[in-house]
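Enquirer: Sequence:
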Amino acid sequence: MQSIRSVLFTAAAIAITVAAFVLTASLALALAGIAAVVAIGSAIAARFNAKPMPARTRAAAGQQREMRIWNDGRGTIIDL
Numbered sequence: 014m015q016s017i018r019s020v021l022f023t024a025a026a027i028a029i030t031v032a033a034f035v036l037t038a039s040l041a042l043a044l045a046g047i048a049a050v051v052a053i054g055s056a057i058a059a060r061f062n063a064k065p066m067p068a069r070t071r072a073a074a075g076q077q078r079e080m081r082i083w084n085d086g087r088g089t090i091i092d093l
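Quick note: the sequence shown uses my numbering, first residue 14, plus one each step.
One should not assume that every hint holds.
What the hints assert, rightly or not - Lysine to any residue pairs mimicking SDA-like chemistry, simulated, CA-CA at most 25 Å apart:
(1) K64 <-> V51
(2) K64 <-> I53
(3) K64 <-> A52
(4) K64 <-> G54
Unchecked claim - Here are the computed distance ranges between Cβ atoms for each label pair:
(5) A26 <-> A48: 28 to 38 Å
(6) S39 <-> F61: 42 to 52 Å
(7) M80 <-> A49: 52 to 62 Å
(8) G46 <-> D92: 37 to 47 Å
(9) I82 <-> R60: 39 to 49 Å
(10) F22 <-> R60: 34 to 44 Å
(11) V50 <-> S19: 44 to 54 Å
(12) I47 <-> S16: 43 to 53 Å
(13) T89 <-> A48: 46 to 56 Å
Worth flagging that the hints you see were computed from the coordinates, not collected in a lab. For each residue, glycine too, the CB sits at the ideal point set by N, CA and C.
Can you make the complete structure from the sequences, with help from the hints?
Expert: Next up, the structure:
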């Protein structure tokens, strides 16, 4: 009777171990798939981003510089 119980417990332990391994492997595969989709989406989105424009001053663009002065209630602001 002891040997049958020992064999059954061993078989149950092996079954639980295999089930845990399959569950862990499937979760790891799902996580890797999600990470791949996010990485591919990020790479595609980066291609569609606007390219940076070089900053130019008004003098370099040939426009007249205009000084703006206004008061926002907390002090005078002078924008050169």
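Enquirer: Please go over all the hints and tell whether each is borne out by the structure.
Expert: Now the hints, each set against the structure:
1. K64 <-> V51: Answer holds: K64 to V51 is near 22 Å, not above 25 Å.
2. K64 <-> I53: 20 Å, holds
3. K64 <-> A52: 20 Å, holds
4. K64 <-> G54: The hint holds at about 18 Å.
5. A26 <-> A48: 28 to 38 Å: 33 Å, holds
6. S39 <-> F61: 42 to 52 Å: 34 Å, violated
7. M80 <-> A49: 52 to 62 Å: 54 Å, holds
8. G46 <-> D92: 37 to 47 Å: For G46 and D92 the Cβ distance comes to about 52 Å; the hint is violated.
9. I82 <-> R60: 39 to 49 Å: Since I82 and R60 have Cβ atoms about 44 Å apart, the given range 39 to 49 Å holds.
10. F22 <-> R60: 34 to 44 Å: Violated: the Cβ-Cβ distance is about 58 Å, outside 34 to 44 Å.
11. V50 <-> S19: 44 to 54 Å: Since V50 and S19 have Cβ atoms about 47 Å apart, the given range 44 to 54 Å holds.
12. I47 <-> S16: 43 to 53 Å: Between I47 and S16, where Cβ atoms are some 47 Å apart, the hint holds.
13. T89 <-> A48: 46 to 56 Å: 53 Å, holds
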